[in-house]
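Read off the chains here:
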Amino acid sequence: MSLTRNAPPVLDIPEPRPPATPPKHKLWFYRFDTKRTPYVFISPFFLLFAVFGLFPIIFNGVVALRNWRLDDPDLDGWAGFANFERLVHDEDFWNALGNTFGIFILSTVPQLLIALMVANLLNRKLRGTTFWRVGVLLPYVTPVAASTLVFAVFFSRDNGMANWLLSLVGFNDMSNPLDWRAYKWSSWIAIATMVNWKWIGYNALLYLSAMQSIPKDVYEAAAVDGAGPWRQLWRITVPMIQPVLVFTVVLSSIGGLQLFNEPMLFEENPAAATGGSDSQWQTIAQLIYKVGWKDLDLGYAAAMSWALFLIILIVAGINAFLTNRLGGGRR
Amino acid sequence: MTRFGRRGWALVAAGLAGALTISGCSGQSLEGGNDKAAEGQITLKVNFWGDMGLDKLKAAYEKDHPNIKIVLNSGEYNAQHEDLQKKLVAGSGAPDISAVDEGFIVQFRGQSDKFVNLLDKGAGSYESKYLPWKWQQSLSKDGQQIGLGTDVGGLAMCYRTDLFKAAGLPTDRDQVSKLWTTWDDFINVGKQYVQKTKKKFVDSGTNMFNPVLAQQPQGFYNEQEQLQMEGGPKVAFDVSMKAIQAGLSANLASFQPNWDQGFKKDQFAVLACPAWMLGHIQDTAPEQKGKWDIATIPGGGGNWGGSWWTIPKQGKNADEAYKFVEWMIQPQQQIEVFKTVGNLPSQPALYKDPAVLDYKKEFMSNAPTGQIFASTAENLKPQYLGKKNGPTRVAVENVITRVQQGSLSPDKAWPEAVKQAEKAANS
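Those protein sequences? They're chains B and S, same order as listed.
Residue numbering for the first sequence follows my numbering, starting at 18 and increasing by one per position.
Residue numbering for the second sequence follows my numbering, starting at -19 and increasing by one per position.
Incorrect hints may have been included.
Derived EDC-like pairs: lysine to aspartate or glutamate, alpha-carbon spacing no greater than 20 Å straight-line [claimed, not checked]:
1) 293/S <-> 88/B
2) 94/S <-> 89/B
3) 66/S <-> 88/B
4) 121/S <-> 88/B
5) 178/S <-> 175/B
6) 399/S <-> 312/B
7) 367/S <-> 89/B
8) 311/B <-> 342/S
9) 403/S <-> 107/B
10) 245/S <-> 175/B
11) 311/B <-> 63/S
12) 179/S <-> 102/B
13) 67/S <-> 91/B
14) 67/S <-> 312/B
15) 121/S <-> 89/B
16) 66/S <-> 91/B
17) 67/S <-> 93/B
18) 367/S <-> 102/B
19) 311/B <-> 62/S
20) 66/S <-> 89/B
21) 403/S <-> 89/B
22) 67/S <-> 88/B
23) 403/S <-> 88/B
24) 403/S <-> 205/S
25) 94/S <-> 93/B
26) 293/S <-> 89/B
27) 399/S <-> 109/B
28) 403/S <-> 102/B
29) 367/S <-> 312/B
30) 245/S <-> 196/B
None of these hints come from the bench; they were simulated from the model.
Given these sequences and hints, build the entire structure.
And the structure:
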C-alpha cells in the first residue's frame, strides 16, 4: 500500500509510434506476438494449477459422493450425501476439528504476535543485521521432519529436555515426569511450540520488509507528539503494514488448519496416525489420512477433505475480515 | 513495478514448469535404466519388517545367481502390510516378494486372485514338510496357496538375569520358570521386584495383553468374523489391568524409540518373547549380551506372530521370485536365519535337526532356544485372526495405554475397550 502511495510520479513518455505496417506474411506473427504471447508465458502456472490444483479438488468432490473402499472393491457406486451425513455424526471428526482449532489458536496467535515483536526489534539499528535476519529464518529452512523428530525427543516423558527445563524452575518432579502425550493441553502446547518455532522467523521477515517502507517522518512526528515505542508500534506500524498482516493471517490460517507433519511425527508410532492413545491431538488432516489410508475408506476421506476445504475458506475469510478491521483499514 | 512483477511470476512459473518436466523425465529414465540395466539382469524387490536375517542370504544367493539382484526393503510392521494392500488394489507397485505376518494373512488370503498361486509353481511338494496349521493359514478358501511359511513365533518369557539377581530373585531359567506357572504368580513376582528395586517390571501393559490373548482359544474374532470381546480379549485385558494397577508397567510403546531406550536404561526386567523377538533384543541392546535368559511363559504355550513369503501377481518376475522363495525355505537357509536372528522355522523336521536342537544362543546366556520354542510351537492350536484383527488390536492397545497414562481409570477401561474395538471392527 505504502509502496504505491509513495511511487515516483510517472514520467510522461510518448507512446512509441507503431512501426510501419509489416508485410502481410509477417502480420499474423506480429499480431500473435503482441496479443497471445503474454498468455503463453503465463500459461505454465495455470496449466500446472489445473493439473495439480483444480483437477484434484474436483475429483475429490466426485469421490466424496461415492463409495470407494480399498479393502472391499465390490462396494462401489454413488453414495449421494451419505458420506457427509456420516461426517456430521462422527465424533472422531468433531474431536479432530476441536484439536485442530485448539492447536491452531495456540500456534497462530503467539506466532504472529512474537513475529511482530521480532520484526520490530530487527527494524532498529543493530550490529550484524544480516546475521540476525538470516538467523531468524533458519528454522524455516530446516526440514519439518528433522525438526519435529528432534522436538519429539525434546518432549519425551523419560529423559526429555522439556521436563528437565521445567524441573529446573520447580514445576516438574523428575521422579514423576509429565507425559506430554497423555493429555490434550500438554500435547497441544508441544505441537504448537513446533509450529511457532518454525514460522516466527518467516513471518518476522515479511513484517520487517513491510516496516522498512514506512517513512521515518511519521515516527518522528509521533515521537514529537509524545507517543512511546509501544504506542508507535500499535498506532503506526501495525496499521501501515496491514496488507502484510492480512496476508500472514490468511496464510497461517490455511497452514494451521492443514497441520499434518507435526502431529503425525509427534506420535510415538508415527505409522499409527491416531494422534495419541485417545486421539488427544489428532488433527483433521491426520484423520483424513487415517480414514483414507489406514481404514482404506477413500470416499469418506474425500468427504472429510471437502469439509476441511470449506472450513478453511470460512476461517480464512473471517480472519481476513477481522484483521482488516484491526487497523481500521478501508479495504 | 507491478508490470514487472507479473512478468517475473510468469518467468518463475515457466522455469518451474521446465524444472518439473526435466526432473520428471530424468526420474523416468532412471527407473527404466534400473529395470533393464544389463542384459538378462533381474531385480527382485523383497519387502518385510524388522530383521529377518536376510543380509547374508542375499549375498549368498546373488553370488550363485549373478543375473539376480535382490533389493531388501525393511519397513515398519503395520506400514508394510498397509502398503501392500494399497499396491494390490492399485494394480502396480507391489514388491516381487512380500512378507505377510500372521496378523494380516486372513486379510490377504481373501484376495488370493492378487497373488501367485504357489501350488502352480510346484509348492505342493512342501505341504508335508510344514506344521499343518501353518500350511492351512495361508491357504485360501478355494484352495490356492498364497504363501510359503518362514517362521512361527512360539512364546516364552525373556528376562534380565542381572536385574533379577539384584532384586534377590533366582536367575536359573528352570527356577524362574517355576516362579510363574500362572499370570497371577507372574504379577506377584513383579510386585516383589518393584518393591525391592523401585523400578518397573514389564515394558508395557500391551505386552501383557498380547501374549495372554495369544494363549486363549479364541482371539478378537470368531470364524464368522464376529467380534467376540467377552471371551479371550476380556481375560487378557484383565491380566494387563492387574499388572498396571500393581504398578509393574513402564508404559513404553513397543517397537518405538523410547522402548528401545528402555532396554538400555534397564526400565524393565522381563519381556514376553516370541522367537522373532530375540533378533530385536540383540539388535537394540547388543551390549546386554549374556544378561538375558529365557524362561517358559506363564499360562502355558501360545503363538505370537510368524510370517509367510508371498508373491504378488502383478510382479513381472514371478518365476525368479518363486525360485528365491523356494531357496529361502530350504532347511539350510532356515537354520541360518534361526542362528542369526532367532526366528524359529515352521517345518517340524527341523526341530529334530541337531543344528536347531542343540543350538545354544550365546546372546541369551546360552539358552537352548531351539528346544524352548520348538516345544511351544509343535502342539499348538492356532487362533483364527479376523480380517480386522490388526486395527482392533491397535484400538484396544490404545485403551490400555490410556490407563497407563492415567487419563482413564481402570474400572472404566473395559467398556471403553469394547466400544473402541467395535468402532475399529465397523470402520
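Hint check against the structure, violated hint numbers in rising order:
Violated: hints 8, 12 and 18.
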